[in-house]
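Asker: All chains should be built: construct the whole structure from the sequences, respecting the hints.
Protein chains in written order, with the numbering used here: chain S, 1 to 281; chain L, 1 to 495; chain D, 1 to 485.
Just so you know, these hints were derived from the structure itself, not from any lab.
Fair warning: there could be bad hints in the mix.
[To be verified] Label-pair distances were calculated between CB atoms; the ranges are:
hint, chain 1, residue 1, chain 2, residue 2, range
1, S, Leu22, L, Pro277, 44 to 50 Å
2, D, Lys316, L, Phe480, 40 to 46 Å
3, D, Phe62, S, Lys112, 53 to 59 Å
4, L, Phe52, D, Tyr59, 27 to 33 Å
5, D, Arg400, S, Val146, 37 to 43 Å
6, S, Val146, D, Lys316, 21 to 27 Å
7, L, Arg236, D, Tyr238, 45 to 51 Å
[Stated by the list, open to error] Computed list of lysine-lysine pairs in PhoX-like fashion (alpha-carbon distance at most 25 Å, straight line):
hint, chain 1, residue 1, chain 2, residue 2
8, D, Lys316, S, Lys138
9, D, Lys114, D, Lys57
10, S, Lys112, L, Lys7
11, D, Lys121, D, Lys320
12, L, Lys487, L, Lys237
13, D, Lys434, D, Lys422
14, D, Lys266, D, Lys177
15, S, Lys60, D, Lys266
16, S, Lys184, S, Lys112
17, L, Lys7, S, Lys184
18, L, Lys487, S, Lys112
19, D, Lys57, D, Lys320
20, D, Lys422, D, Lys441
21, S, Lys184, D, Lys2
22, D, Lys114, D, Lys316
23, D, Lys191, D, Lys177
24, D, Lys320, D, Lys114
25, D, Lys266, D, Lys191
Quick caveat, the model's predicted, so the values are computed rather than measured.
Glycine is no exception: its CB is placed at the ideal position from the N, C-alpha and C atoms.
Each chain, written out:
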Amino acid sequence: MSWLPKTELNPGAPRSTLRYHLLLTFLGLLMMLPFVWMVLTGLKPLAEVANESWIPSEFKWGNFKEVFSVIPFGRFYWNSLLVASWVTFLQVITSSLAAYSFSRLRWPGRDKVFLLYLSTLMLPGLVVVITNYQIMIKLGLVDTLVGLVLPSAFTAFGTFLLRQFMLTISPSLDEAAEMDGASKWRIYLDVILPLCRPGLIALTIFTFVGNYQSFFWPLVMMRDQEKYTLPVGLLFFDSEVGQSTHLLMAAVTMSVLPMIILFACLQRFLISGIQMGGVKG
Amino acid sequence: MKASTAKRNRLVTGLLFLAPSIGGFLLFTIVPLTLSFAMAFTNWDVRRHNMFRTESIEFVGWENFQRLLSHPAFWQYLSNTLFFMMGIPVAIIGSLLAALLLTKDLRGVGSLRRIHFIAVGVLLISLIALHLTGFDFGGMKFMIALLFGGILVAGFLGRSTVYRTLFYAPHFTGGVATFLLWKKMYNPQTGPINTALSPVVSSIESLFQWLPPVAGPILALVAVLLGLTTLGLLHRKLGQAWLDAEAGRGALLALGLLSLFPTAMGFRWMQETWLAPLWLVGAVVSVGWFMARPMRQQPFRQVSAGFGLMRLALPLSGAVVAALLLIGLGLVAWRLPLMAASGEMAPPDWLADYHWAKPAIMIMAFWAAVGSNNMILYIAGLTNIPRELYEAAEIDGANRWSCFWHITWPQLAPVTFFIVVMSVIHGLQGGFEMARAMTQGGPAGATTTLSYFVYIEGFESGRLGYASAVVWALFAIVMFMTLLNFKFGNQNVND
Amino acid sequence: MKYTLLSLLGVLILATVVDRISRRPDNADRPVLYWVTDTSASRQAEIELFYTWLEEKGYPQFEIRLDSTNKDVSKKLIQGISGVGADLISMARDEAWLLHATGMMEDLLPLATKHGFTVDKAWPAISDQFLIDGQQVGFPRGSPVQAYLVNLELLETFDQPIPSRRWTIEEFEAAGKAFMAAANTGDSRQKVFFCDLVNILTLRRSMGRSMYNETMTRCTLDNAEGARALRLLYQWIYEDRILPTQADLDFFAGNDTNTSRIQLFKQGRYALLTAARYSLVQMRDGPAMRMVARVSAHAGFPNGLIGTGSIGIYAKSEHKELAAYLLEFFASETYNMSVVRSSDSMPPVPEYTATEEYLRPVDYPGEWGVHEEMADLMEIAIPPSVSPFALPSSANRIEREFRYAVLASVYSPEEGAALTEKFINREIDLNVSKNPQLQRKHARLLEDQATIDRLRTAGEPVPLELITNPFYRVYYVAQGWAAES
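Answerer: Dropping the structure here:
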């Protein structure tokens, strides 16, 4: 998988690999520093939050438990996970179907419709919030799980992304399958989709992380505290609960865990499993 | 008859695949958008046109747009938005580099037992020491060592998974949490950034008090010369591209114009000093020598006018930003002796300081952008490149740089295209949540972008008709940019 | 791949079902009202007290749920105009104006008369602030007055005198410089400041100038006082260094609870802290400090600032009668005495500040100088001037932005003042031109303004009814320019 000519990278030689590890470790550390600060602040007692030193005088693991008692954190967690999972699922399925339509099938008006899809990405979501909200009221979906999921599940982002990925797959594979008598649906399912796996995984990660962190729409939609998602719920801490920064940081630390786990598990699928050797011309 | 049936069949198939997506899309995206478009031409004001009031909405035509253009701060907000977008090329290059680093196959442990032991030893010692001396400043050093060792070991064991997760970590704390986090980090009195900078700034201050006052201008001169070198290299590359038929006349013209941008800005920033004419002259000479001269010759092959524009635009933007950065540093260096003499040098006040607010946001944006979605896309894209291409190139005797420029970069074109389009779109629309959570658009409007302006107008004042007009004006700009991207960027994408 | 996707779908459906089942069913035995406000611990305690009071009075029992993710006006606005607002809504003064203008707030006059929370029960200085266009929009749950908390021990450590009760800005400057010299000897960087901030509104008003004219039809900042106020601020921060730079303030003032500033005050970094009575709640946590309260220094006309937040009822609420009980509670003795004891704010009904419990709380002798002075201050406290023609949020934003720009030396004080006035007047013109109703009102008031100007130049007394600006109503009487009526 390395893109360097073989002569340069000698897998057995310790020196270049160690240097490499050191470099990555150093950079990784830099990237992580704000994160580290956050975790450590979550372990401090409140009075020390404003201190210069990063290290707490005592590691208050109790902060993590306290978060659960101050706000219904577990509930928020569950809500966030459920909503984000649904949105991701719907987004990936519908986008891949639509992307296939835009990249592989030829039908009249295809590119114009695609441009339409694309152009909707260019508008900031703010102004449609009120109209969407009123649609939700008419549908009776305010303050519900369904209402949170629906508007976010059908954006053009996924379609655009997957279309670009599908464009990198050589058409000759399609032709070969068609000559074997496969229908468009079969081609989609058995040829394109597996080849697209890195793109699908990437989209899954993006959509999940993006929706997990989305703030404004859940803020507007939800009234019942029990149904809040994490980003909205975390606001409890920065407002008038005595500004408990330590609890806020502890809460944020806990809230990023699903994303880390998801990413760590999925990231190896970003690498395409099948080499397309020799087909690209 | 057969042809049109076939055509209709294709249409039906196409639409069938599109169906699941388009249903929701129409309802939740198109309908509100159309309504908002209509509203842009009315005087919809939430205070007067709602369920409690009986006034009717009036059509006002272009009035909202006129008001927008005559809003005194509109141009400031627009330039704020564009300023933040200047970081895009750097961010893309950064995430590409990160992706490159992260896709190398890492063979780990094997015969490195000694390193292993040392790392574990450092870890254990740091752990014990930390517990004993928790609040000592020395604890910081232990903590850093502890982390370093920990990551190193984890990296050996987990290889790329660990490093990739680390790099993507900024993205996890995304959204409001990131802004709150950075807001606390930028706190001038208690935030870690200024705490760390304080001793550094003090030592710089003492240094400059000790040096003669001419040290400042000398450093500034050095910075300007470096900036000129950057520009020169850039122009040389462009001239070379002309000769190698990698770029057409139109493309080079556009790129040349783009490179005038740092010239003009630099001149404006430095106009109080004697560096300004130096800069100007240097830049003009560079353009003339490195670009105009080669362009008199004919390339060995004719290419279309716009060819190569997008391919070169990215490195060029990177160079432009680098040059501007150098000039900025030069200006700071120029003023250092003066600041040191007054004895009051302190780390900047970041978000609260009118002049430092935007750079502070840019730094944060860069941190977030390197380990972001773009990096993931590049990782996925890089691993999609067939190995055979590299093997073939190696046989032909290509070196590392050639491999990258002629194989990797073009193969990444569809991904790059996507990233550039989305970055431009996000750049033009962005800044809303950041402003809301961190700066409220201040100080004095320095961090208000157009989308935050929409929020203020629409939600805090209730003038939704006007806000819609701003949104659609913004859309026009974004559409324009995206079309440009499509026209000039699409050539490397097979379709 | 097919199987992965199908099994994922199965898991999701299962999870949704579990989610539905596990939701706590609403106990429909009592009506539930939602109150949009903040959820500090004291709010919860208030609710508990409220339930007890309901029982004592024999009123119908019901539940109030606090809905508080934030005090975001946009959320209140969107929900309100879409018909799904909360029953009880807490509003800052600026918000009250905006929300009332949409028509989503109920006119409380009939309910108030019935339940006894009419505006005459509140502090006289602000009672008419709860009336907009003749409708009562809310009733306050507390009326904070802004003052400095003075750290007596810190002043004594550096041998500095206690500021006098109505001190001038010259005294302020001198005291500040003396304090800074004494407290920061030998330090390269100042660690202790005399006070944390100076409110430019009271400063300007003490020069006799308000943000708007007497009828609040135009902004009036482009003048000597407007520029002088900005210049003084700049001087005190950057030249005399008796105030910390804007940078520090931004971060502390940006959050609603002044926790960080209070921590610094407790650590002895400020001699004077801008605060209100609710800050004492945090001061009580920890070692007792001896303090007094002092109003801001004045440049001729001493004045203080009083807050006008209130609670209102949503026009589409289904439980208006029940909601009115909460407002009645705020006017009751039970509530007011609990505020007196908890020091969460100034009690909304004035008479309770004359009690011994208020003036000299037994457990906190260090605070005696604070409560008494604050009650005293209510005599000279004036609410902020809010013009019906310029959205307060916009006007405040403009003023703040130009003030910061002046402090960052982007503009001179004169330029800053002139630009602020220009922009705010532009806002006024915009609002007026768009709204025929407002236009008529504006035209009418402009005539009144012309009358006032004529009378002033001729040196004749001006009838108070013509003046709507709360500052000038007080100022004219004090200067003897008002007609006897």
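Asker: Each of the hints needs a verdict: does it hold here or not?
Answerer: Verification of the supplied hints:
1. Here the CB-CB span from Leu22 (chain S) to Pro277 (chain L) is close to 45 Å, well matched to the stated 44 to 50 Å.
2. For the pair Lys316 (chain D) and Phe480 (chain L), the beta carbons lie near 44 Å from each other, so the given range of 40 to 46 Å is met.
3. Between Phe62 (chain D) and Lys112 (chain S) the C-beta distance comes to about 57 Å, which sits within the given range of 53 to 59 Å.
4. Between Phe52 (chain L) and Tyr59 (chain D) the C-beta distance comes to about 29 Å, which sits within the given range of 27 to 33 Å.
5. Under the hint 37 to 43 Å, the C-beta atoms of Arg400 (chain D) and Val146 (chain S), about 41 Å apart, fit the expected range.
6. In this structure, Val146 (chain S) and Lys316 (chain D) meet the distance hint of 21 to 27 Å, their C-beta atoms being roughly 24 Å apart.
7. In this structure the supplied range 45 to 51 Å holds for Arg236 (chain L) paired with Tyr238 (chain D), their Cβ-Cβ distance being about 47 Å.
8. Taken as a hint, the Lys316 (chain D) and Lys138 (chain S) pair is honoured in the structure, with Cα atoms around 17 Å apart against an allowance of 25 Å.
9. Simply put, Lys114 (chain D) and Lys57 (chain D) have alpha-carbon atoms about 15 Å apart, close enough for the 25 Å limit, and the pair holds.
10. For the hint linking Lys112 (chain S) to Lys7 (chain L), the alpha-carbon distance of about 17 Å falls within 25 Å, and the restraint holds.
11. For the hint linking Lys121 (chain D) to Lys320 (chain D), the alpha-carbon distance of about 21 Å falls within 25 Å, and the restraint holds.
12. Annotation: proposed proximity of Lys487 (chain L) to Lys237 (chain L) holds, straight-line Cα distance about 23 Å (limit 25 Å).
13. The hinted pair formed by Lys434 (chain D) and Lys422 (chain D) meets the criterion: a straight-line CA distance of about 18 Å does not exceed 25 Å.
14. Taking the CA atoms of Lys266 (chain D) and Lys177 (chain D), the gap is about 21 Å. The hint holds against a cut of 25 Å.
15. A distance of roughly 23 Å separates the Cα atoms of Lys60 (chain S) and Lys266 (chain D); the hinted pair therefore holds under the 25 Å criterion.
16. Only pairs whose Cα atoms come within 25 Å are accepted, and Lys184 (chain S) paired with Lys112 (chain S) is accepted, the gap being roughly 22 Å.
17. Proposed proximity of Lys7 (chain L) and Lys184 (chain S) is supported: the alpha carbons are some 15 Å apart, at most 25 Å.
18. For the proposed pair Lys487 (chain L) and Lys112 (chain S), the alpha carbon gap of about 15 Å is at most 25 Å, so the pair holds.
19. A threshold of 25 Å between alpha carbons decides the hint, and for Lys57 (chain D) with Lys320 (chain D) the separation of about 18 Å falls inside it, so the pair holds.
20. A hinted pair counts as satisfied when its Cα atoms are at most 25 Å apart, and Lys422 (chain D) with Lys441 (chain D) qualifies at roughly 21 Å.
21. Our distance criterion of 25 Å between C-alpha atoms is met by Lys184 (chain S) and Lys2 (chain D), whose separation comes to about 16 Å.
22. Taken as a hint, the Lys114 (chain D) and Lys316 (chain D) pair is honoured in the structure, with Cα atoms around 20 Å apart against an allowance of 25 Å.
23. Distance check on the hinted pair: Lys191 (chain D) and Lys177 (chain D) sit about 14 Å apart at the alpha-carbon level, within 25 Å; holds.
24. The hinted pair formed by Lys320 (chain D) and Lys114 (chain D) meets the criterion: a straight-line CA distance of about 13 Å does not exceed 25 Å.
25. For a cut-off of 25 Å, the pair hint linking Lys266 (chain D) to Lys191 (chain D) stands: about 14 Å separates their Cα positions.
In this structure, none of the earlier numbered hints is contradicted; all agree with it.
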